[in-house]
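Take the sequences, apply the hints, and build the full model.
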Amino acid sequence: MKYTQLGRTGLKVSRIVLGTMNFGPQTDEGDSHAIMDAALDAGINYFDTANVYGWGENKGRTEEIIGNWFAQGGDRRERTVLATKVYGNMGAEGEPWPNQDKLSALNIRRAVDASLKRLRTDHIDIYQFHHVDRSTPFDEIWQAIDVLVRQGKILYVGSSNFPGYKIAQANEIAARRGGTIGLVSEQCLYNLAERRAEMEVIPAAQEYGLGVIPWSPLNGGLLGGVIRKQVEGGRRASGRAADALADTAVRDRIQAYEDLLDKHGLEPGEAALSWLLTRPGVTGPIVGPRTAEQLESALRAVELELSQEVLDGLDEIFPGPGPSPEAFAW
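Our numbering puts the sequence shown at residues 12 to 341.
Don't take each hint at face value.
With a straight-line cut-off of 20 Å between C-alpha atoms, the simulated DMTMM-like cross-links for lysine to aspartate or glutamate are [claimed, not checked]:
hint	residue 1	residue 2
1	K274	E337
2	K240	D263
3	K23	E89
4	K70	E104
5	K13	D258
6	K274	E320
7	K23	E314
Hints were generated in silico from the structure; no laboratory data involved.
So, in structure tokens, the structure goes:
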């Protein structure tokens, strides 16, 4: 495994991030534990989750699965850089009760303690804001975070799904307050087929020293060889991938992508992850394996080196927006 610093921090993390969103809803506890063991054995030390994972009436279940894994000992917790998130409503299903979601100081305090209990640990390494809260000022948010850092319950803070201007605003207010390191990471939607983050989010992250953690690196499966799987294995695309392939232009682009990689003897999913690892500012993509085999494929991407010919071909098929502001100015 290869490692890098998380943004401007001294924290060293693996270049593949283990996403746990499938743990519970799609992967049972035993298999989830086996995947986490395999990830740790392979050198992945950065695990990402969220308080809402498990979804619906099972919100919090994923954190519980991770907590039960930590409880098995064997230095599992000590070897893991643990990241979780706050924002989504954690109240019972039905009409939400006030202050059970978003980023008020009250909800942050309650949410941290609840996550710590489910995760069966005394601290969270990276506590992430899952979304922008337009109704809570950053002065209030940072005040709550300062208390939690002093209490030793969290070490670093990251954002997720933030636009560039909110990254700037959050860190400027943190700097003005003093004594607060501010955001150190940003999780954003970023992959070959979805490169809008290059316009503002990634430049802002680089300017303020945030590590970029792309989620959905295979764009909902579209970049994982979906057409080849249809042809060779009779596996029909589903969900977002099926909807996207119904568009002829999208299907033609995905076919060109798979043809390019087939020409060079590359697996589509591994190439898509490897491409992200070449991008400026990217710490490592989040992979959310449902099986051990999917984890093994992600690990191979770390060692894969794409030739300039392949990189140029990918840019031709999936052109980015170009540098900001020239991409929209002149």
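Find the hints from earlier in the document that the structure breaks and name them by number, from lowest to highest. 1, 5
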